[in-house]
Each structure stands twice: as C-alpha cells, then as structure tokens.
Amino acid sequence: MSVNISAQTEAPREEEFEVSKRPNQLRRWAKLLLRSKTGTIGMLIVLSVCFTAVFAPFLAPYEPDAMNAANINVPPMWLDGGSSAHVLGTDSLGRDMLSRLIYGSQVSLIIGVFSVIVAGIIGLAMGILAGYYGKWIDNLVMRVVDSFLAVPNILLILVILGIFGSNMLTLILVLGVTNWVIYARLVRSEVLSLKERDFIRAAKSIGTKDSTIMLKHILPNVFSSFIVISTLSVATTIILEASLSFLGLGIQPPSISWGYMLSSGRDYLATSWWLATFPGLAITFTVLGIIFLGDWLRDVLDPRSQGRK
Amino acid sequence: MKQEQPLLDVRHLKTYFHTENGTVPSVEGVSFQINKGEVVAIVGESGCGKSVTSYSIMGLVKSPGKIEAGEVLLDGTDLTTLSKRQMRKLRGNDMSMIFQEPLTSLNPLFTVGFQISEVIVLHQDVTKKEARQKTIEMIEKVGIPNAEKIYSNFPHQLSGGMRQRIMIAIALACNPKLLIADEPTTALDVSIQAQILDLMKKLRKELETSILIITHDLGVVAEMVDRVVVMYAGKVVEEGTVYELFRDPKHPYTKGLLESTPKIHERKDELYSIKGTVPTPANMPKGCSFSPRCAFAGDKCREQQPELVQVNSGQKVSCWLHEEGEVSLHEQKQTAAT
Amino acid sequence: MSRNRQPLLEIKGLKKHFDISSGWFSREQKSVKAVDGIDLKVYPGETLGIVGESGCGKSTTGNTILRLLEATEGQILFEGEDLAKLSNKQMREKRKDIQMIFQDPFSSLNPRMKVFDLIAEPLRSHKAASGRELKKQVYELMETVGISKSFAERFPHEFSGGQRQRIGIARALALKPKLIVCDEPVSALDVSIQSQILNLLDRLQKEFNLTYIFIAHGLPAIKHISDRVAVMYLGKVVELADRDQLFEKPMHPYTEGLLSSVPIPDPENRNNRERIILKGDLPSPANPPSGCRFHTRCPYADEKCRTEEPAFSEERDGHHVMCHYPLKAGRGVLVGNS
Numbered sequence: 001m002s003v004n005i006s007a008q009t010e011a012p013r014e015e016e017f018e019v020s021k022r023p024n025q026l027r028r029w030a031k032l033l034l035r036s037k038t039g040t041i042g043m044l045i046v047l048s049v050c051f052t053a054v055f056a057p058f059l060a061p062y063e064p065d066a067m068n069a070a071n072i073n074v075p076p077m078w079l080d081g082g083s084s085a086h087v088l089g090t091d092s093l094g095r096d097m098l099s100r101l102i103y104g105s106q107v108s109l110i111i112g113v114f115s116v117i118v119a120g121i122i123g124l125a126m127g128i129l130a131g132y133y134g135k136w137i138d139n140l141v142m143r144v145v146d147s148f149l150a151v152p153n154i155l156l157i158l159v160i161l162g163i164f165g166s167n168m169l170t171l172i173l174v175l176g177v178t179n180w181v182i183y184a185r186l187v188r189s190e191v192l193s194l195k196e197r198d199f200i201r202a203a204k205s206i207g208t209k210d211s212t213i214m215l216k217h218i219l220p221n222v223f224s225s226f227i228v229i230s231t232l233s234v235a236t237t238i239i240l241e242a243s244l245s246f247l248g249l250g251i252q253p254p255s256i257s258w259g260y261m262l263s264s265g266r267d268y269l270a271t272s273w274w275l276a277t278f279p280g281l282a283i284t285f286t287v288l289g290i291i292f293l294g295d296w297l298r299d300v301l302d303p304r305s306q307g308r309k
Numbered sequence: 001m002k003q004e005q006p007l008l009d010v011r012h013l014k015t016y017f018h019t020e021n022g023t024v025p026s027v028e029g030v031s032f033q034i035n036k037g038e039v040v041a042i043v044g045e046s047g048c049g050k051s052v053t054s055y056s057i058m059g060l061v062k063s064p065g066k067i068e069a070g071e072v073l074l075d076g077t078d079l080t081t082l083s084k085r086q087m088r089k090l091r092g093n094d095m096s097m098i099f100q101e102p103l104t105s106l107n108p109l110f111t112v113g114f115q116i117s118e119v120i121v122l123h124q125d126v127t128k129k130e131a132r133q134k135t136i137e138m139i140e141k142v143g144i145p146n147a148e149k150i151y152s153n154f155p156h157q158l159s160g161g162m163r164q165r166i167m168i169a170i171a172l173a174c175n176p177k178l179l180i181a182d183e184p185t186t187a188l189d190v191s192i193q194a195q196i197l198d199l200m201k202k203l204r205k206e207l208e209t210s211i212l213i214i215t216h217d218l219g220v221v222a223e224m225v226d227r228v229v230v231m232y233a234g235k236v237v238e239e240g241t242v243y244e245l246f247r248d249p250k251h252p253y254t255k256g257l258l259e260s261t262p263k264i265h266e267r268k269d270e271l272y273s274i275k276g277t278v279p280t281p282a283n284m285p286k287g288c289s290f291s292p293r294c295a296f297a298g299d300k301c302r303e304q305q306p307e308l309v310q311v312n313s314g315q316k317v318s319c320w321l322h323e324e325g326e327v328s329l330h331e332q333k334q335t336a337a338t
Numbered sequence: 001m002s003r004n005r006q007p008l009l010e011i012k013g014l015k016k017h018f019d020i021s022s023g024w025f026s027r028e029q030k031s032v033k034a035v036d037g038i039d040l041k042v043y044p045g046e047t048l049g050i051v052g053e054s055g056c057g058k059s060t061t062g063n064t065i066l067r068l069l070e071a072t073e074g075q076i077l078f079e080g081e082d083l084a085k086l087s088n089k090q091m092r093e094k095r096k097d098i099q100m101i102f103q104d105p106f107s108s109l110n111p112r113m114k115v116f117d118l119i120a121e122p123l124r125s126h127k128a129a130s131g132r133e134l135k136k137q138v139y140e141l142m143e144t145v146g147i148s149k150s151f152a153e154r155f156p157h158e159f160s161g162g163q164r165q166r167i168g169i170a171r172a173l174a175l176k177p178k179l180i181v182c183d184e185p186v187s188a189l190d191v192s193i194q195s196q197i198l199n200l201l202d203r204l205q206k207e208f209n210l211t212y213i214f215i216a217h218g219l220p221a222i223k224h225i226s227d228r229v230a231v232m233y234l235g236k237v238v239e240l241a242d243r244d245q246l247f248e249k250p251m252h253p254y255t256e257g258l259l260s261s262v263p264i265p266d267p268e269n270r271n272n273r274e275r276i277i278l279k280g281d282l283p284s285p286a287n288p289p290s291g292c293r294f295h296t297r298c299p300y301a302d303e304k305c306r307t308e309e310p311a312f313s314e315e316r317d318g319h320h321v322m323c324h325y326p327l328k329a330g331r332g333v334l335v336g337n338s
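Going down the list, the sequences are from chains A, B and C. Start counting the first sequence at 1; every next residue gets the next number (this note's numbering). Start counting the second sequence at 1; every next residue gets the next number (this note's numbering). Start counting the third sequence at 1; every next residue gets the next number (this note's numbering).
For reference, chain A alone in the conformation it holds in the complex:
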C-alpha cells in the first residue's frame, strides 16, 4: 500500500477543516415553528390579527361608526332575530359589531406594540448602562427602578392620564414609561452575567471602546431574551389598555378599542350579551396567541437550545 510520511511532523499550515453545513435560515425557522403546535397556533393568530388590523378598511363590511337607528341591538346571525347583514349583531346605536371589532384591532395592536417599543428602548438603554458600568450608575438606575416598582403601576397611569388626558399618544407614552423597569431589570441581570464572559474581556483586551462593546457585543446577546419578554408584554399591555378603557381612562370615542367596546357593552350584559362577549373573546384569543408565540420564541432563542439543533 502507498505510504506517505513526508507531511508527518510538519505543523499543518492550511488545514482541511470539516465544518458543519449550514441550513437555509428561513427554512430552519419554518421547520422549528412547525415542530411546535402551540407556536404554530400562536403565529397563526398573531398573523391574522395583524392582517385584520392592516386591511381593516377592506375587511369590514360597514364603517365602524355608521349608525342605524332601525337596527339597534340586533343579535348575532345564528340567534333568533339575527340577520346575515350583521354577522355578529349590532350595538345600542345600531353599529355593526364585526366592523367595530375589526377596526378595534388596530388600536389595540398599535398601543400594545408601540408602548412596548417605548418601554423597551428606555429599558434596554438603562439596563445596559447600569449593568455594564456598574457602580454609581447602576445604583442610580436601580433605585429609580425600585421606586417605580414600589408604586402600583395602575395608580401611576391613572394619575398621569388624569393630568394629561387620554389620547393615543399619551397612552402609548404612559404605558411605555411605566413599563420600562421590567426590561431594565432583565437586561441588567443579563448584562451582569455577560460581562463575566470571556468574549467581553477579550474585546476589552484588544482595545475596543466601551460604546462599541455595548453595541456590538452586549446588545446582540441580550436581544433574544429581550424579544421574548417584549412579546409577552405586548399581551399584558393589550390587557392593561382594556382595563384602562373599562375604567373610562382608555382610548376615547370616536376611536375604538376592544377595551372600550367591552366597557360600553357592560351595561347591556343582561339584554345584549354579545356586545361585551365578542370584544372579550377577541382580547383573550389575541393575548393567548401572543403568549404561545412568546413561549415558542423563548424555547427557540435560548442559546442553550441552539446547541441541541
């Protein structure tokens, strides 16, 4: 047999490395999603709610505030007295419930998503600064966080809304500003453990600037857990908005949100139960969908699960 000994003791300069093949990223995600039942359901619900919100004008059979005095409190079509003209019935002013629900998804989603973005940006920045620099910055930020946590959120929101009044923008800002502490705490603790990882020390040792370390090394590594928490808190924010509307401090007419519909339907519970039930169901399903999606994201984005492939 042929024997080759020439290369034996020489240190290999260029090696033939065997590196595992990389699957197509999009395919990989689709595969991961389909593997999880709840994840798939969550994704479907969230996608359909988003679709509804975006294409509301095309989907809704009526204008959401078109009143019709002739058709007051019509029950859903499958009940006695219902008509196929109003699939989910009408409210006390004769407005089509289905159309209102469809338009309501816009407000609920916008408030949910944007207030989370506001909270997330503040929380990420504060958490990273506090965790990375430590010392007095950390102390300061964490004491502010503590004092936010010491005051019941809802009380704070009520006070602020009471002073500034309630519209879409203030709602987003208020919900954002009161919720950033969750992110700050999470991000800070992640940063504290990241800071001990060798690659942060390695980056320092080659003379990388602090700002670069925070943006390029820390931010991408806290991002996955950040995404998971934000998904879940879109859900809680939607509920919070609904509660505020229920208290009369949420979104004001003529805008419609599911929470507002729920609260205005409460007076007719005995006679026209569908007025409160459908917005309630819409909130429940959307929130469940988002939570399913969030749980799935947590499983997938957990770096420990990536090794498992």
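The set of hints was computed from the structure by calculation and includes no laboratory data. Check the hints yourself; a few may be wrong.
[What the hints assert, rightly or not] For lysine-lysine, the following BS3-like pairs were computed, each having C-alpha atoms within a straight-line distance of at most 30 Å: (1) C:K178 - A:K135; (2) C:K96 - A:K195; (3) B:K275 - C:K206; (4) C:K89 - B:K141; (5) B:K268 - C:K249; (6) B:K275 - C:K41; (7) C:K41 - B:K263; (8) A:K37 - B:K62; (9) C:K30 - A:K135; (10) C:K279 - A:K195; (11) C:K206 - A:K216; (12) C:K178 - A:K216; (13) C:K178 - B:K134; (14) C:K33 - B:K149; (15) C:K249 - A:K195; (16) C:K127 - B:K201; (17) A:K216 - C:K249; (18) A:K209 - C:K12; (19) B:K268 - C:K178; (20) A:K37 - B:K268; (21) C:K85 - A:K195; (22) C:K178 - B:K263; (23) A:K195 - C:K12; (24) A:K209 - C:K178; (25) C:K127 - C:K96; (26) C:K279 - B:K202; (27) C:K30 - B:K275; (28) C:K33 - B:K268; (29) A:K209 - C:K176; (30) C:K89 - A:K216; (31) C:K136 - A:K216; (32) C:K114 - A:K216; (33) C:K178 - A:K195; (34) A:K135 - C:K89; (35) C:K279 - B:K263; (36) B:K275 - C:K149.
[Said to hold, decoys possible] These stretches of chain C come out as covered by chain B in the derived footprint (C-beta under 8 Å, 3 or more residues): (37) 194-204; (38) 220-226.
Cβ atoms here follow ideal geometry from the backbone N, Cα and C, with glycine treated the same way.
Could you slot chains B and C onto chain A? The hints should help.
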C-alpha cells in the same frame, strides 16, 4: 487470564443518539472485556464515544440516546435486557460510577454522611446506626481524617479533592464488583490528582474491585491501568496491555496520541501533531474513520473499514497496516523511505 | 541568558486583593489576596511560563497586566512606562502592543459575530486598516493561523475547539503586538489539538518575534514552551528559574512536589518511581497560612517556616526561590530522567 469468565463483557455495543437533525452514532460496535480485579482504561479525545460507552454500561444513557444493539454482560447477565427496576438494584451495589465534577454530582442540600449512608441503606439490610458506622469507616478508608466531623459537613464546605474522595466513598460503599470512573481527576489540581490516583491504587488492592477508567490523560493511564482500549470516532481502534501499548503502539492514532503529549522528562523542539480534527458524525469519512488524518493512509484505508484483529498475544488493532499480522510502523516507515 | 538586556515588561510588587464583605454587622473588611506582592521581569523574545494550581493567582496576574483587572498596588512597567498609571484612553492605545489569548475558546468569541468580523475587530477598533486593506490583512491572518479563507463568513459555533483557538490567536496577532499573555491557551483542548496549538504558538513566536507570558497549570506544556518558569503558590512567586534548572533541579519543596505529582506516560517505570505526594489541600487565599505559605503541606517545614516568611532570594545565577531551606542538589525527582 483468558480461562475464567470476564467480569464485564461488552459485545458489539451500539449507542445512537436520535436528534432532530438525524442519527448520531456515538458508539459504533464497541467490544471489550474487563477481568476480575483488572483496571482497564478507555482512552480517546472528546466526542470519541468513551463517556457514552460508560453510560451505556451503567444504563444511564438519556433520551434521545438509545442502545441500538449489542450486549453488556456483567457476570454473565445481559444488562441491556434488564428492567429499570433491576438496573436500579444493580447500580450502586454491583457497579457504581464516579464523575468528573464532584461538586455537581453531590447534592448540596444534604450532608456528605447522609449521602454515603443513603447508598448503604438502599442496598443493604442494615439499621441506621450500622449504616452510620459503616459510613464513617468509608470516610476513613478514603483517607479523610476527622471522619466523625466530616460526616455532618455539606459538600460546599469541602475542597474539590475531598469531594472527590467522598464520591469515591459513595461509589465503593457497597463494595461493588465494578467501578466506573469517568475522568476522575480531570477537574482536580495536579497535586490533588496525585493524591486521588494514589488512593484509587490503594483501594484497588484492598477491595479487589475491577475499575474502568474513562480518560484522555495518558499519564493517568500509565500510572495505574492494566489494559487500555483506545477509541476514535465511536470505534475501538486499538486494545492492549498498558506495557505493550506504550512500548509499541500499532495504530497510527495511538502512536500520534502518545507522541503529541508533551512529556515532562523529555524535551523536543517541536511536538508531533496529528493534523486536522476529529470528524463530526455528519461528515464521517468513508473507510477507516482516521484515514483523513493519517499519515500512512492508502487507497484501501479510504475505501474500506478495517476490522479489529489480534496482532499478538495481548494486542488488537483495527488498521489495514496490520492486516497481515505483525508489521510495526517503524518498518513501514523504512520501507517507504527506500 | 538575557539578563543584561532591558526587560520588555517588569512587574514590581504587584498586588491584587478582592474585597469580600462579610455581612451587615461585621466591621471586619476581609479580602482575598489573589496576588500578594510579586516581582517578575519578561525579556524581549522569551517565553515566561507561570505555573501553579487553582487559586495561586496566575490568571489574576495575567489579567492585571492587561488591566482587565485593576491592580491594588504595585507597578507594571511596559518598556519603562507604568501601565497602572495610564488613563483608560492611553491604556486602550497600549493594548496594541499587549494582547491576550484566552483559555476557553468557546466563551471567548462572541457567538453572534462572524469569523471575519471577529478577526477584523482589533483592526477596526484601532482604525489600523479599512476596506480592501482590512480584507487583505484578515485573510492573511487566517492563513497564518491555518484557517481557510472560505470560512470567513462562518460563526464560531460551527468550529471545533482547536479551530476557535486559532481564531482567538489570529485576533491577538492582528495588531502585531510585542507581548502576548496566553492564559491557559491549551488546557481546554484535546491532546492531539493541544500539540497543534503549541506548535503554532512556537512558530508564530519565531516568525513575529513575539514575547509570551504563558500561564498554565499543566507542567508538561509549560516545560515544552517556556524559556523561564515562575512557580506561583497562593499569590506569591515561590520559585523562578530557567526552564531546565527548574525542572531538573527544583529548589522549592513545592516545585519538587508538583513535578513529582505529574503522571508520566511511561508504565514501565511506574512502580520504581519515587513520588513525593503533597499532602493536604490548598489553603484558601482568603486566609493564607502564617510564615511560609507552603508550610502546611511541606514535608520539610519546621518552626521557623511556621512563623517567619522567607525572602525571595537569588540562590544561583538567575534561580530565585522563596524558602528558608532551599533544596540543595536536585534530588532527581523525575526517575527515568535521562
């Protein structure tokens, strides 16, 4: 040595891991024996399947891993056919295991005394008092002074070396026939490692336990082992007595391992090194799995998988170079040079 | 050998204490004296090995030199300039000349950066190259450490340990430093990969005229790569000598014990090797023993050792030792030493 039945007889063991991305054959047809009172080492680099082999013997392979084929005969009983309950009875009593990291393998919430006596109470018909007495004896046996005091200590109060001693005490509490030690000294400091090796040598003589050591450290092997099994990519590539294997390694991989280890009593300008890296299961080469890294590989090596064959009284090797019996690498080299 | 030259790095009286608060009501301020007053010189072109067991302060020393930890006390003179006194900005500049290779190739690379960006990072941070030039330099570095250019767009988790360590080395080399602190660069790697990396470090030293501080707990690796070796024990350097002096005629009982503890891959001589096994455990650096720190484990200790701390003195040419009774003749601890 051959006439009596071996204590442990592993035959064509195959353990596969069924992951979402396909099947990983961690152990691919491993066979070896351990005689009574013998110390055998499985040597290999990370991912060669040596730890999975030991877990397979203990019946501790976790899902998605599964023993696909083969037999593990302990005193003639095939362990792979036993029920979970029967296995539990065996573990700790007939065979036991010590792990690499003594801190994580002890429960932090219980005293070390309790953890040792737990094993004794589980497997032997003794009173609490007797168990305590036996525990203290065990603590003394593994070379810890003040056994009474140590009995009520918690794992975190002890140093790494002491914890490993406690692990050994737990493992040997019921005087098992077989002790499996998975990298028992890797996590320890050099001077503590020497103490533990010394202790294991002493206990081995005293208790006549057979020991299977899983390690990557050839120094540890040379210190206390009778026979060596070298694994590479899930297969046994060479097996022999420790003297033969170190004096005249047959397989190019064994030879490479021995030569690439820097030695404290000699000095070389450049270390021998095996080129390349261990193949991953996804790109396992055709033929001999070592062929891409082997300086002697020929066409046949790249095409066909060699069998493990006996080359002399105490040595087996799986390499085409030794297909027709005894040809040493040295001779091979010379013929190539001319 | 090089004692007449200017040292590249000189450490004077370096101390690093970590405070541990002991509860709300205790006034007592306790501290772990990880490094407790060490003096070392590193000459251009040499490799200074620092060896010791866990908790001896070897890694802390390495980190303090790069100011990844701030020194509690003492001077770190690099080309005559005290690094401890530099502002953060000045220090960042200096890091061009002093680089580090880390132990764990799995955690020292940002898992979310591609190989190209990882190697380009030091060049970008110091604006040393950009655009085409950057590309050229990164590819050159990859070739130098033996990683194919085609892997530039891969992520670290797609590589094996040895390959990742090569990436780490390429990063350290990028800015053409004068001094590289290697903090246990091979201890997380497999045997056959260790020798590849050691050979690579050797080659790079010659090629780029590098100076190394090589920190490790493995004596064989230290012996292979170092010109001079410092042995640390509980925050102090207890012995410092040329490599051959230290390994053949150790003067400190700790060094002697340490050398004797290393398992030698030579089964033939295992039974006639006289070993000095250090008894006991490593004391905690939070509470080091009085007098000579080693006296609790030293086979030769007497009253003087228990009370009086020995000085670090030069016994022979360039051979420093911190012991009241340095071992006179090397007693041939390494049997089988030819």
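| task | List, from low to high, the hint numbers that the structure doesn't satisfy. | result | Violated: hints 1, 4, 6, 10, 11, 13, 15, 16, 17, 20, 27 and 28.
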